[in-house]
Structures are given as C-alpha cells and as structure tokens.
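Chemist: Here is what each chain is made of, one letter per residue.
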Amino acid sequence: MSDKSIKDPTRRSALKLLGAGAGLAAASSFIPGISRFAHAEGAGPIKLGFQMHSTGIGASYGRWYDRTTQAAVARINEMGGINGREVVIVTEDDGTDPKRGAEVVEKFATQHNCDMVFGTLFSHVVYGSAPRAGELKIPYFVCSEGHHVASGALNRYSMQPGITDVRSQVQAMAPFIANNLGKKITMVYPDFAFGHDHRDYFTAAIEAQGGEVVASIAIPPTETSFTRYFPNIPRETEVLYHVMVGPAVLTFVKELGEFFGPQRPEIFGFLDSLEAVGLNTPGLEFLEGTYFWEGNPRHAQADQSEFDKSFRAAVGVNEMGASIDDPNDISTYSHMFSCWETLNVIKKGMEASGYKGPKDRQSLIEAVEAMTAFEHSDDHPQGAKVMNGKTHQVFGHQFISKVTNGKMVVEHTTSIEDGFYEDAVDYTTQSF
Amino acid sequence: MASVNILSTKGLTKTYGGIDANMDVDFELQRGKVTALIGPNGAGKSTFVGMICGRISATRGEVFFEDQNISSMPAHKRIQLGIAYTFQITSVYAGLTLLENTAISARRRLGKDNVAVNAKALEVLERVGLADRAHQIAGDLSYGHQRVLEIALGLAQDPVLFILDEPTQGLAETEIDDFVDLINALSGDTTILLIEHNMDVVMRTADQITVLEFGKTLASGTPSEIHNNQAVQAAYLGTAVDA
Amino acid sequence: MTKNSLYSHCLHFGTIALLVALFFLLPAYHVGNLSRIMVLAVYAMGFNLLFGYTGLLSLGHALFFATGMYGLGMAMNTFGLPSELALIVGVVCAILVSTAIGLLALRTTGVAFMIVTLMFAQAGYLTVLYFGSYTRGDEGFVIQQAERIFAGVDITGETSRYFAALILFSIVFLLIAYLVRSPFGRTLVAIRENEERTKMLGYDTVRHKLLAVIISGSISGLAGAAYALLFGYVGATFATVQYSIFPLLWVLLGGAGTTLGPLIGVVFMFYLIDLSSELTQAYMLIAGVVLVLLTLFAPQGLAGEIRRKVFKWLP
Amino acid sequence: MDFGPHLLLASLEGAVTAAILALTAMGLSIVFGVMRVVNVAHGEFFMIGAVIAWAVASSFTGNPAIGFIAALIVAPLIAGIIAAVADKLILQRVNYDPDRTIVATIGLLYIIQQTALMTFGPDARPVTPPFNTRLSLPWFEIGESGFVMTWPWGLSTTSYKLFVIVAAIAVLTGLWVLMTRTKAGLIMRATQQDSETAQAFGVPVKRVYSYVFGLGAGLAAVGAVLVVPIQQAHYLMGHDPLLLSFIVVIIGGLGSLPGTVIAAILIGMSDGIISVFFSPTLAKIIATLVVALVLVFRPHGLLGKKV
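Chains as they are written, first to last, in this note's numbering: chain H, 2 to 433; chain B, 1134 to 1376; chain X, 257 to 571; chain S, 25 to 331.
These are calculated hints, taken from the structure and not from any lab test.
Where hints are given, some of them may not hold.
Here are the simulated DMTMM-like pairs of lysine to aspartate or glutamate, each with C-alpha atoms no more than 25 Å apart in a straight line [stated by the list, open to error]:
#1 X:Lys565 - B:Glu1358
#2 H:Lys408 - S:Asp147
#3 B:Lys1210 - X:Glu451
I would like the entire structure built from these sequences, with the hints used as guidance.
Modeler: Here you go:
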C-alpha cells in the first residue's frame, strides 16, 4: 500500500473525529440544568426525581408506581402545589439495577437539580442507591417495604414514610396464622435477602405465638419449576407459608396445586407473589380458599372507605384492582399506594419546614422525623399510620384476605401495634 | 568433548488407536551434519520429528539430546535447549508483520534487549531475502514467502539443531536454489534434520540420509550408500532416481 | 519503533492529563459519571489483557470483580478491617480465585473455556446467595460513609473520589501499557495469534496463559474492590452473568487489544444508555441498534478503527 | 415423602426440563455446528416464541387446544422468519466473524427484548394447556406383607407434562429424519463440514445459513410454545434458556446432535435428581460445578471429536 492511499482518509477521518467531538461538546451545553450552580431558590417548580423500574425485573411494579405517582402529583398540583409551587416529576429508569440506581440518584441530584428522590421499590436498588443519596445529601424516600431503612443500614437521608416494612408485616401475621390456620408451618421463599427476612422474622414471631416452623425451603432465584422441591414439605405441615416473587410465581402456584391435588394443608401467602396477576388466571383456581397478606385490599370490600374510592378513581383502577381501560391489566395494589402516601408526606414535610430549596433539605428531614401519626384520609387512603421518626419507618394496618369465589375478602385487619418491634437505630442522632 | 551424535532415540514408538505410526525407532543424528529423513507418505516422518521436539507425546521410547535424556521434557523446554522446528503446514503469525514474527522468535533468547532483538529479527529477514517486506503483514505474503518466513522463524533462534519438515514444499525453483544455499551455509555450525520429498534437494544438501518406511528405519547412510541400497531402491526410490 | 513509543507515551500521559483537566471543565454530573467510568474501565482493562491481548475469551469475569468486591466489603463490614487492609484482602482473594480458575479452566480452549468460566462464575453467584446470612444475598449491603476513609482521606467527596478513581485508573492504565510492550506482553500477543507456533518457539505458553488469567483476574478484582469502596455498595448483581458480558461488550466496542479501547468502550456505552434514556423510555432499543450498526461499520471497535485508518502506531 | 417416590418425582420433573432443553439447545447446536457462530440472542427467540404463543392462544376463544395448536404453528414460523431476516441484514454483512457476531447478537438481544416489553408489557402471561389432568402415580415396594402398591402423597404429574416429553421426542425425531434422510439435511451437513467446498459444489451457502439460523430460532420457539402452559411468557424469560442451551451444546460436543440430546438429558435430569439430596441452592451450585468439571476433564464434550 502506498503512502498516498492512506493519507487522504487519514485527514478525513481525523476531521470527522474532531467534528464529532465538537458536536458532543455543543450537545452537552444544551442539556438543561447542567450547570454546577444551584438554581435560584424558591422560584420555579419543585422537582421530584422519580426512580422508576421501567425495565428489568421490576417493570410490572414500575408501571403502576408511575401511574400512582402521576395521579398523586396531579392531585397535589390541583390543590395548589407545595408551598404555592408547582410539583413536577422527573422520571429516570433505573433498570431495576443497583448500579444504575446509584447513577440515576446522581443524575437527579447533580444534573436535574431535583429537590429529592423517591419511588424505589426493589431492595437491592435501594441498597445500591442510598449511599449516593447520603453522600449527595439529597433526601431519598423509598416506597419499598424492605426492612432496610429501619434496620439502620442506610443513612439519615433515607426514609420510608409511605409503607410498612416487611419485618413488621410478617410479625403481624403470626397471631392470625397460629390462632386460625395452624401451628406447624412450612415456609417456601426465594433464596434472596427478602426471603430470608421472611424466614427470620416470621420464625421468631410464630414461636412467640406457640407455633413452630417445621421446614424452610429456600428456592434459588434462577429456578423456573418447583415441583421437585415440594416433597421436602413435611407431611405434618398444617400451614404452607409461601412468598415468591418474579414471573415464575404463576408456575409455582400451579405446580403447588398439581402436587397437592385434593389434599392440601392450609395455605397462606404474601400477595407480593401475585401483584399484577389476575386471580382468574388459568391455573390459579387452586388458590380458592387460601389466605393472603394484602398491603391494601385489591378487591373493593363491602365496607370500602370513601378514601379508597377516591384513590381508585384518581389512579384509574376499578373495584377489582384492574385498570379502568383494561380489566386484564391488574395493578400492584398492595404496594402502589406507598407512592401516593409518600408524596403526601413529602408535601406535609415541605410545608412544615417551609421548604424553599436544596438548602432546606435537612429541615425537611427533621420535619418528617417529627411526624408521629397519619390519619386515614385522602392523603393516606390505605389507612392510619404511626410514624417512627427515629427509625424513619412508618407502621400501618395489614390485611389478611381469603380467596372466596375468586375474590379476596378481608378476614382480618391487624392492629398497628401488632407490627411494632424494638428500634434498631436512631437516625436522629446521626449528623447530616 | 561432546560426543559425535547430537541427538539419538531409542525404541521411539507412537501408536494411534492401535496403529503404529512409529515402531521402535533407533536413530542417531551426527553433530554438524545435514541429515535428510526420507520415506513415502505416511511413513511416520512427521510423527517422528514431532516426538523429537515434543510436539507429539511418544507412546514409549527415549530421546537423548546432547547426552541428556529429554523424553519427559515438554516441548518448550526442548526448544529452549536449542532445537528449532519448522512446521510442515505453514504456521506463522499471519496477523503480524514479518518483523514482529521474527522478533518474537528472537526475543525468547534475547529477552528484554529490544535493540538486539530487532537487529536479529532484521538480520534473519535479510538472510532469507524478505527484508524489504519487513513491515508487511505476514498473512498477505504469497505461500512461498510464508514458507521462507517459517524458515526465518527457525533461524532467528540461532538453533543448535534445526528440524525442517518439508521446507521446500510449494517453493519456486529459484527459491529452492536459495534454500539449498542457505542450508549449505548453515551446515557445519548447525546440525540440520530435514524431512524432504524433493530428492534433488536431498542430494544437494544431505550428508546423511535415513529412510523410514511403515514407521521403521529401513536404512541409514551417506547419499551414495542409500542410492545403492537395494532395499531402498525397491521400496522407495524405485525408478525415480534412475530416470 | 522509538518514534512509536514516544507517540504512545504521549498518548497515555495525554489521556491522564485530559482526565485531570476534565475534572475542572465538566459539570458535576459528568464528573461523577467519569469517576465511575474510570473504575469500570479498570475492570475492562483487566478483561482486555486476557481477551484482547491473550485471545482467551472468559465469560466469567464477574466472578473476579465480585470476589474483589466481597473480599473488601466483608473484610470491612463483617471483620471491621480498615479500608486499606480490606483492599489488600479483596485483591488477595481475587488472586487466589483467579489462580484456581486459571488452573482448571485453562485445561480447555475456545468455546469450552468460555462455558467453563461462565459456569464457575454462575456457581460463584449462587454461592453469594447461598451464604445470604453473611452476604445479604441479592440485596447486598452498604459500606457506611464514615468507614470509607482511605489512607486518611475521606473518599466519599466528589473531588477525592474522582482523584482516587483517577489514580487507580492511571496506575493500571500505565501498567497495562508497559506490560503489553514488554517481552511478556508480546508473548501474550504471540499466543493470541498462534499458540502452537509460540510453544514451538520455546515459550512456556501454559505458564504465560495462567499468568495472564491471574493478572487479568486480579485487576478485575481490584476494580470490584475499588467500586465497593468508592460507591459504598456490595451486591450480588455484580456477580451475575450480565456483569461478565459487560466487559466483553466494552472491550469489543472500544477496540480489543488496544490500551485505550476499554476506556473508550466504557465511556461510549455509558453515555449511549444515559443520553438515549433521556430521549425515550425505549433506550435499550437505541442501544441495540447502535451496537448492530457499530459491528457493521466499525468492526474493530472504536480505537481499533482509529488504529486501522489513522494512527497505525496506536498501542 | 419417602426417598424412592421423591426420586421418581424429581426424575419426572427432570425429564420435562430435559425435553424443553433438548429442543432449545438443538436450535443453538445446529446454528453453532453449521455456521460456527455464537448466537447470544438465541434465548430471545425462545422468548419470542413464548410471547407469540400467548398472543395467538389468547386471541382464540373456546377450546384451548385450538389456540395452542395455532400457536405451535405460528410462533416458530414467526421466530424463524425474524431470525432469517436478522441473518440476512446483519450476520451476513459481518461475515460471521466470531467477535462481531457476539456484539451484533447482543444488540439484537436488546432490540428484541425492548420491543417485546413495549408491545407485550412487563407482566407474566399464561397459556391454558390444551389438556391438563393431574395423574397420581403409584409406588411399588416390598414390605412386610409382600409386594404392595401404594399411592404416595404428592407423587403425581400431569398429562400435559407427559405430552411435552412425547412432543419433544417427536420433534427431535423429525429433525433427525430431516438431517439424515433429506436433501436439505445433506446440504446442511455438507455446509457444516466444509462451507467452501459446499459452495464450490453449487450449494447456496448464504441461503443455507439463513435457513439454518431460522431453523435454530424456530426450534427454540417450539420449545417455548411447549413450555408456556407450564411456565409463563415473560419478556425477560430468554436469559436462562440461553445459558443452559450453551452449556448443553458445549457439553454435548460442538455441533454433535446426538451429543446435544444426551447432554440435555444429563443436565435436565441431574438438575432434578441432585435436588433430592441437597438444599435447593446448594444443589444448583453442585450441579453447576459438576458440569463445569466434566468439561474441564473432557474439554471436547461428551461426543465431540477432538479437533
């Protein structure tokens, strides 16, 4: 190859490269809010960063968290916004991935200049993101039900004021199960930290009720079929306690039905398994007569509150917990109220602290820490709650429903106190 | 005083799935001489030299190099003793330049000394007449030139014993002449073991000839001895030499 | 040759100088991104040594990354070691694991090597879940901000984190640049190009390949440990297959067998996702299309194409 | 449950896993064998098959068998066409270069996954099996009172699961006939052995590659259609079949079709049976390590030839 034949493309490619570089630089200067300086305080809208599971394993939840969030913000703005300012939601997809989650928190804080971040559900994303929120000193409101905020593993900027954590939920189930279903329990749960929380806290709680866990079967998360694990369920089992997550849960229930046939023990499950799944799905007939924990009753009950009615109307959910437009599009009703309630807590906190801009973030945290109770209201349609400012965790009622003719009918509502446990942390003593 | 034989084998045998490629080969290679290994296709020549340099593991038997039993040594250790080997099927670094090819070969002995490595790498290219192509990619060379580069890879190691497996296969007449000159220039300092089909090349270079047939040594001797050997005549050379 | 090595020195030190300069030029968000990118580029460089230079395609490098990560994380959280010691623990764990994997997996070649490394990594991932009481499984755990002090410096601030990442990146970057020009590195390239020939030139290819696996695995482990330390989170996600595929993607995009390729690949992939997610929710679609287009029009990766068309001397 | 019945149950479950795995892996094996490329998007063709099966089956009302049969025809066909088009548009243009094919198929994976998410949504979708009777299984043992037949608690399977095993055997037999007894099979085998020579003998290698790529995707889709009445269609479901198929193909020996079947049975069954002896996650770890070590000490797979 002669020298000449290389030279020409060399110059051209080099120029192209230069051009691309210049283009990139130009493009970045147009991206809004890129400046390192904080925007003028007290002016313009309040920006809330919504960390959404649009893709990845949490996508079913993400969609409904989004709808609930949009509805809650529309309502807040209709009522005049927060401190007279409009609220806007900046949404970023975290891919249900802890690494991307942390990056997204950074993006909210330093590029979008959001006032705070909220909306994360999956625990591993919470764990991955919270350290960055703490370092960037931006309030991080999780809607996760994980036992992470209250366990003390996170930091003063992380709060969970919208939904009860799993430790409390599990503990509150034990009295009903021991008194009504049976005392010999076999647990089936995913070999995830979430499953281990169930195992540890429920085992302790049921023992306190005089019951006993006769076997715990941890299923590897990569599993797609389950029948071969069922023979490990001891024959003496009176109650099968199951909590599975992910798309394989339908298989799980179906195979459970095929395994037991007509001779099944009592079955109690966490509805996490069947969020976004209709109970009329083929294969789920087996669930008739079994019990579920519900965070918020999916099917409108006979004694439905006015608050629940207006909540459903605002989000666009019918009395069967499905989308008004599409009865096959089932919501994640047991969890999604947390976005609604969290946003209302943020509103209250901002109003109490006279929030104007990022420099008031600490007083916002302090304002939420100072809250003690929420009344059952349009702001808190799931029910009344007690806020523990020290552990940054809220505690509410839980529901136990029985599947009756394909409908979930609430059999028991726990008291808020059923879910109390000793504080593991006092965030208020930590410095900001 | 080093012995006359630089290399010898005792009872070297290779069995592939019940078939003997080599059967109890006893062989001696004289220092400083050019020895040609000839025999019909499938006589086990390549297998035999493969076992000498360790590329192919022997079923049984022993190999001695400079009076040292090297039978259990892995190939790279044998090469490090000063044995160079060129493949029957060209095996150069097709994605690298010629200079990088010979430099890799030279670097094993010369190590970190980049100046010496480069000098050596260029020198061998010069010697085989490829210096003007030093910066070309080896894979772009003609087949004949790749064969020559293969030989250069061997030369760059300054071997004590140089084993060449059918080096002239695919070379043009003039390239063969150059090759013969090269071998004759090397002989004396370097012991050469040559597998060769081209009898003309054998006769022009070899001091000694060993004939293999059906995995066994048929005969050994000087070219004229072999030329006059009845058994060899019958089995292999046939009318080709007479003609 | 000397001219090329001068160019290459200019390139490497120039890159580091540019990264220093970018800290002062870029807005905060991009500074944060770049800290992360540099640590991931260390991971990619470790992978590139094995894949780009030695020609061994491992699909299990997440195991090494996660080993470093958990080695450091558990040393700090479970055993309360200071971060400096914990970093050493993380790297030593990675050395041990990569030695073991190297000894076993190198008995295979080609696709079998890919699958064996993949399976060992999968076993590693499941092991993290199995010992959930110590590792907190998929959820992972947080290394508290107060504990993340390295050599007396609080590395949780933007500036200190950026420069910690830059120092780490520079050390590995220059080490790799030196290594691939050294006789050892040239031998790795020789093995990549033609292993049988290299063996028959008297090189101990088995030892070289083992060393390449160990160095590559240790650098990956170092990256994992640094990631945990700088960003405060340790989790099983980083042990999944996805995180074994990422370095392959980065290296192929940036240019396998080039010193600069890994950094370019990580930057490209990061901003591809980040920018396209601003345009549409379907950013994966854009990412997919761009990947396909790149393979069609820049087959040797970005740095590889630059080397092919512009700067032949690019190391 | 007693040990014996437990083992039987686990083996039955293992057989179902093996049947699906054999089909999916066979698709990958043919592509691997004939074209010598690693198709990272193979699992996504599996997913496409499942998703289309749901779409087709749910558009029929009445007897679920009609929708299922329609899905069994339509889904593999569409998956195959998508694959063949992808081959023509992308793989052909990168000349099946190994590295570039990996990146290109990763790109394809993203594209297919995101498209499925946008059109099909993030939820798991079930398909009603055409028939699904629970079959209790008897167990025989020699007790104190001699030979007795018992009906152990929980020992059962379903008629549909048995059907899956039979269907997989039927499809694989058909494939075997195709490969060994037909001209198309001959052409494929010729291309596999030596594509250049095949080309010289007038085999349209490019077209063969497109068909093979389509056939491979179609086989994955057949596996997926069979599995959706047991599991569910979900846009992320392609991940595990991809990994397992890879493992099966390598363990079986590159491009060896009988080897692939044997490896699928081995891996499917061992996955089932090891779970009898260990806790679930530990069983998975052990099964993974065992398979890896098999490969370490038999690097060319079970039936692979040393190249």
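Chemist: All hints, please: hold or fail.
Modeler: Hints, one by one, checked against the model:
no. : hint                 : in the structure
1   : X:Lys565 - B:Glu1358 : 60 Å, violated
2   : H:Lys408 - S:Asp147  : 21 Å, holds
3   : B:Lys1210 - X:Glu451 : 15 Å, holds
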